[in-house]
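Trainee: If you're matching them up, the sequences are chains U and R in order.
Be aware that the first sequence starts at 1, since it is given in my numbering, and climbs by one per residue.
Be aware that the second sequence starts at 268, since it is given in my numbering, and climbs by one per residue.
If you're looking for bench data, these hints aren't it; they were derived computationally from the structure.
Please note: incorrect hints may appear among the correct ones.
[Unchecked claim] Covered by chain U, per the in silico footprint, the following chain R stretches (three or more residues, Cβ under 8 Å): (1) 290-300; (2) 303-317; (3) 377-388; (4) 622-634.
Heads up, the beta-carbon is just placed ideally off N, CA and C, and yes, glycines get one too.
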Amino acid sequence: MTNEACVIEIEGLHTRFGSHVVHEDINLCIHRGEVLALVGGSGSGKTALMRQMLGLEMPAEGVVRVCGEPLHGHDREKLQSMRNRCGVLFQKGALFSALSVYDNIALPMRELRTLDEGMIRDLVMLKLKMVDIETRHASKMPAELSGGMIKRIALARAIALDPELLFLDEPTAGLDPELSEGFVELIRTMRTELTLTIVMATHDLDTLVALSDRVAVLADQRIVALGSLREVVGTDHPFIKNFFRGERGRKALGCTGDALESTSDVL
Amino acid sequence: MMPENQGNSTVLQHVTGEDGMPRLMLAGKYTLSALGQRLHTLPAELAAYAADTELQWDLTGIEQMDDAGAVLLWRAWGSHRPSHLLLRPEHERLFTRMKEAPAPPTPIPPDFLWPITNLGKAVFLLWEHLTGLVLLIGQILLDVIYLTSHPARIPWREISANLYRTGAQALGITALVGFLIGVVLSFLSSRQLQTFGADIFIINILGVSIIRELGPMLAAILVAGRSGSSMTAQLGVMRVTEELDALTVMGIPHSLRLILPKVMALGIAMPLVVLWTSAVALVGGMVVAEIQLGLSHQFFLNKLPDVVPVANLWLGLGKGVVCGMVIALISCHFGLRIKSNTESLGEGTTNSVVTAITVVIIIDAIFAIVFSNVGLK
Numbered sequence: 001m002t003n004e005a006c007v008i009e010i011e012g013l014h015t016r017f018g019s020h021v022v023h024e025d026i027n028l029c030i031h032r033g034e035v036l037a038l039v040g041g042s043g044s045g046k047t048a049l050m051r052q053m054l055g056l057e058m059p060a061e062g063v064v065r066v067c068g069e070p071l072h073g074h075d076r077e078k079l080q081s082m083r084n085r086c087g088v089l090f091q092k093g094a095l096f097s098a099l100s101v102y103d104n105i106a107l108p109m110r111e112l113r114t115l116d117e118g119m120i121r122d123l124v125m126l127k128l129k130m131v132d133i134e135t136r137h138a139s140k141m142p143a144e145l146s147g148g149m150i151k152r153i154a155l156a157r158a159i160a161l162d163p164e165l166l167f168l169d170e171p172t173a174g175l176d177p178e179l180s181e182g183f184v185e186l187i188r189t190m191r192t193e194l195t196l197t198i199v200m201a202t203h204d205l206d207t208l209v210a211l212s213d214r215v216a217v218l219a220d221q222r223i224v225a226l227g228s229l230r231e232v233v234g235t236d237h238p239f240i241k242n243f244f245r246g247e248r249g250r251k252a253l254g255c256t257g258d259a260l261e262s263t264s265d266v267l
Numbered sequence: 268m269m270p271e272n273q274g275n276s277t278v279l280q281h282v283t284g285e286d287g288m289p290r291l292m293l294a295g296k297y298t299l300s301a302l303g304q305r306l307h308t309l310p311a312e313l314a315a316y317a318a319d320t321e322l323q324w325d326l327t328g329i330e331q332m333d334d335a336g337a338v339l340l341w342r343a344w345g346s347h348r349p350s351h352l353l354l355r356p357e358h359e360r361l362f363t364r365m366k367e368a369p370a371p372p373t374p375i376p377p378d379f380l381w382p383i384t385n386l387g388k389a390v391f392l393l394w395e396h397l398t399g400l401v402l403l404i405g406q407i408l409l410d411v412i413y414l415t416s417h418p419a420r421i422p423w424r425e426i427s428a429n430l431y432r433t434g435a436q437a438l439g440i441t442a443l444v445g446f447l448i449g450v451v452l453s454f455l456s457s458r459q460l461q462t463f464g465a466d467i468f469i470i471n472i473l474g475v476s477i478i479r480e481l482g483p484m485l486a487a488i489l490v491a492g493r494s495g496s497s498m499t500a501q502l503g504v505m506r507v508t509e510e511l512d513a514l515t516v517m518g519i520p521h522s523l524r525l526i527l528p529k530v531m532a533l534g535i536a537m538p539l540v541v542l543w544t545s546a547v548a549l550v551g552g553m554v555v556a557e558i559q560l561g562l563s564h565q566f567f568l569n570k571l572p573d574v575v576p577v578a579n580l581w582l583g584l585g586k587g588v589v590c591g592m593v594i595a596l597i598s599c600h601f602g603l604r605i606k607s608n609t610e611s612l613g614e615g616t617t618n619s620v621v622t623a624i625t626v627v628i629i630i631d632a633i634f635a636i637v638f639s640n641v642g643l644k
C-alpha cells in the first residue's frame, strides 16, 4: 500500500470546512529529494493542503502519510521523531512573541534534549549567519523586528534541526528581491549538502522557476496539473493560462528557455 | 520509519596509516537525527582524540553531514581546523561557514542596583498608569461634550451590544452566586440568632448586609472578572492584529467608538445587575429563613421595608454605577496599553482584572466612610 519512494503520500483527500469544500479527491506523491511547488489562486486551498500534510487539519476523507506513517496515528514516539525531521516556515513567521530571536531558534534544539548549551549557541549563531541576521539582533524580541527579518528568522528556526522535509508557505512573500534571491541561493546550497525534500506554496514565479522540480496546480478543489514546469505550462486550463502566460509569467519564464514558444505551438 | 537512519550509527575507527601516522576514520551519518543519543557521549570522545595534534582526521567516509555534525567536530577541534584533515569537497562549505559564524552576543553583566532600579521603575509605572487613566477619563468627557452637540454620532449600536454582553449575559452567573451566598449567610446567621432567641433580626441582617454591601460587591467582582477581562483582551487582540491602527487611519477615534460605549453600557448595566443579584440573594436568604426559623416569606417581605431604610438601596445602586464605569475604564486603559505580543496580552489581562477588583473594594471602603451616617438606624 505505502510507496517507498514517497515521502508524503496523499490518497483520496477531501477537506471540508462546514459546507465549504476545499479539496475533492486529491492524490499526490512527493518524492524524496524533490522540490514540489503548490500553485493556485488565492483561496484555492494551497495553505489548507499544506496544513493537511502537517497534520494541523483533519481530513474529511482520505489519508495523508508522511514517511509512510499516517499523520493521525497514535504512536507518540514515531510522530515526534517525524516532527523533528520536518521544518515549517509559516506565512507570517509564527515566531513565539514571548521569546527572543535567539531563544526562538534554540527552542527546537533544546527540546531534543541531546545537545548541550554550548553546541546550541554555536548552531544558533550559524543559522543566524545563514539567513543573514546580524548578531546584535539575536537578543531582540520578535515585536521589534521588521517583516522581512521575521521571515528570515522564521526560516532559521525552520532549518534549526536540519530537517529532511521542509514546508515553506509563501517563503518569499514580504521579502525584497535581493533577499528573495538570497533565499533561493540558501535553499540551493542546503540541497547540495542534504537530501532535502521541500514542499512550498508560492505565488512568486521567480522562486518557482528557480527552485521547483515539479509543480502542482490547485484549482477547482483538485490538482489540475502536476509535473515539471514545462509540462504544467503546457496544460490547458484557464488558471494556468492566466498565471503563467500573463505578462509576469512571460518575464519569469523567459529564463527557462523557449518553454512558452514550444507550448504555444501545441495550444 | 526511515530505515536507512537506523542501525547505521556513526563510526569512529582509530588506525595507523601506511605512513605510520595515527589516523581517525569517521564514517556514517553525522546529522542531528542520525546522531540522536550518541550526542551525549560523542563530544568527549572526539575531544580526547583531538588532544593529539598529529592525528590525521579522515572525514571522507562520512555520507551525510549537517550543521549539527559540523559544529560537533568544530567544537572538538577547539574552533579551528586540525593540521591534518581529509574532507569530502561537498563538506568543505560547512566548515568554511563555521569559520565565518559570528561570536554570540555577550551576556549583560548583572546590575547590583536592581532593587533600587526596580522600585524606581514601579513608581514610574504607577505614575504612568495614573496619568494614563486621567487622560482617558478626560478624553471620555471631551467625547461626551462633543456628542451633546452631535447627537447623531452617539454610538447606539455599540452601547446596546455592550449592554447585552455585560448585563444580560451576566444574569445567570450573578443569580447563581447571589443565591448561594444568600443561603449560606442566612443559614449561619439564623443559627447564631436562634441561640439568643432573636430570630426576627434575620431580616435586618440579611436586608442591610445584602442590599447595602454584598449585592453590589458580588456583582462588581463578578463583572470585573467577566466583562473586565473580555474588554481588555478584546482591545489587546485588536492591537495585536493592528485593528486599532486601522480604525485610527479611518479617522474613527478609539475613545468614541470603543471605550465610551463600554463605559456607558457598564454604567447602565451594573446597577441593574446589582439589583438583580441583591434580589436573588434575598430570595435565597428568605428560603432558608423559612426552613430554618419558620419565618414565612410573606412576613419576611412585609417586614423588609420597615427594617431596611430605602437609602441603602440607593447606596447599593450608586455603588453599582460608579463601580461599573470604573471597571470599564480600567479594563480599557489596560487593554490599550497592551503591546503586540502574546506575553503582553496575558499580563495585561491579569493586571486589568486584579486592578479592577482591588479598585472596586477601595471604592466600597470609600462609600462606607463617606455614607457612614446614611441608611443606618
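Trainee: Take the hints in turn and mark each one as holding or not.
Mentor: Each hint tested on the structure:
no. : hint    : verdict
1   : 290-300 : holds (count 3)
2   : 303-317 : holds (count 5)
3   : 377-388 : violated (count 0)
4   : 622-634 : violated (count 0)
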